[in-house]
Amino acid sequence: METHGGKTELVVIGGSAGSLQVILETVKNLNVDLSFPIVLVVHRKAQAESILPKLLQQFSDNEVIEIEDKTEVKNSKIYIVPSDYHLLFENKNIFSLDGSEKMNYSRPSIDVTFRSAAEIFRQSTVGVLLSGANSDGVEGLKYIKKNEGKIWIQDPESADVDYMPRQAIQNVEYDLIVKPNNLANYINQLK
Amino acid sequence: MLEPSIVKDNEIEHLIKDIYESYGYDFSLYSRASFTRRINRICMIDRFASYAELRYQVLNDADYFKHFIEEITVNVTEMFRDPLFFKSLREKILPQLGTFPLIRIWVAGCSTGEEAYSIAILLKEAGLYHKCLIYGTDINPSVLETARAGVFPMHQMKTYSENYMLSGGKKDFSQYYTANYDSAKFDRSLQEKLILSTHNLVSDSSFNSFQLVICRNVLIYFDKELQERVFNLFDASLENLGYLALGSKETLRFSNLGKFYHQIDDQKIWKKVDHN
Chain A
2 METHGGKTEL VVIGGSAGSL QVILETVKNL NVDLSFPIVL VVHRKAQAES ILPKLLQQFS
62 DNEVIEIEDK TEVKNSKIYI VPSDYHLLFE NKNIFSLDGS EKMNYSRPSI DVTFRSAAEI
122 FRQSTVGVLL SGANSDGVEG LKYIKKNEGK IWIQDPESAD VDYMPRQAIQ NVEYDLIVKP
182 NNLANYINQL K
Chain B
235 MLEPSIVKDN EIEHLIKDIY ESYGYDFSLY SRASFTRRIN RICMIDRFAS YAELRYQVLN
295 DADYFKHFIE EITVNVTEMF RDPLFFKSLR EKILPQLGTF PLIRIWVAGC STGEEAYSIA
355 ILLKEAGLYH KCLIYGTDIN PSVLETARAG VFPMHQMKTY SENYMLSGGK KDFSQYYTAN
415 YDSAKFDRSL QEKLILSTHN LVSDSSFNSF QLVICRNVLI YFDKELQERV FNLFDASLEN
475 LGYLALGSKE TLRFSNLGKF YHQIDDQKIW KKVDHN
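Chains as they are written, first to last, in the working numbering: chain A, 2 to 192; chain B, 235 to 510.
If you want a taste of the chain A side facing chain B, the calculated C-beta under 7 angstroms gives, among others:
#	residue
1	69
2	70
3	83
4	89
5	91
6	97
7	98
8	99
9	100
10	101
11	112
12	116
13	140
For the record, the hints were derived by calculation from the structure and aren't laboratory data.
We put the beta carbon where it would ideally sit given N, CA and C, even for glycine.
With the sequences and hints as input, model every part of the structure.
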């Protein structure tokens, strides 16, 4: 599976409709000493008080942080993109939020973050696309591939809403198809 | 669709330097990740196939440069965006400001004016409008024209009305505007106390003293060094015991000035304690 034996510096996971269960299942089983950060880009309604970070923290031993302006990127932590902002990487150590126009009717847009991750972390990026009802993320996966990062896609048969993973499988050269119950295991094995 | 990658990092550096030398606008301390996206977005919208074409147009056509400034800045805004923030202003801050004989408020980076109009509505409902002045400033002259017109898209009104109610508004929101086909023209009286003017947070200095400075979702586009400079500008523009309000993901916590400010509840509002 390690096509180039490179070190993983970032796992970025995008999901939309039907992805929450997979994310819960995954964060529950992650190792606490991961040598890279996990970033979650999940489509959700813009709201004042976000419950998602609190919810995930209840299931995970890794610290769960909702990203703010210029938050530092640290290994083994789980970062959630706040609703109503796009997430970019200023460099490998600093996140950057962006309130510009929606992309694919979404803010955050998975494409925007996948692309920024690919440009900053290049071949050290693992991009994971989960269940969802639109094709946000597919174009971003292509940037990850172009920069020789790895692409994992949720098995559409296992997805609540299979449109997003099916689009990805049809359009992108992927490295792995994952089922919800073994995503954490694959992440834990990354070096 | 994602914007193409037309302009490279080193070309961005050159463009920033050229713009500064030709026009005096300094983008060198803007957060590079967002700025690069904006540049490539302009290349897509205006169909530049190369950096050379963009550079030529920007440096040789002053009219085009105006358009460039309009597009390089992000002008996404809403009325009563983050309703709980406005609820906090309504319930906690305005009663304090009401004790002053004249209330001066600065909405820095006001874009097309939706927040300034929201503040005007809050002040009206608090019975303080007669003794206030609201200064709305932006780097971009053309958004101020929109703000001056006070006409916003009708299709936004449902969201704005919901936001308004969540912020504690008790009236019928539609009384503040007149619907005309696909646009909503806001009541003239909401502009009486509104002073709109260009101001560049990077290069312009303090121009008055205020009891409340509101600057939301502007600092995310600046790097930490520029943020600190702007915080100092705000500090110099705030009276003692005045308030500074930032966007929902922005913070004063990492600034050297943080120790002179007390955060109000869990909102992104800070009160200046006596230190000048």
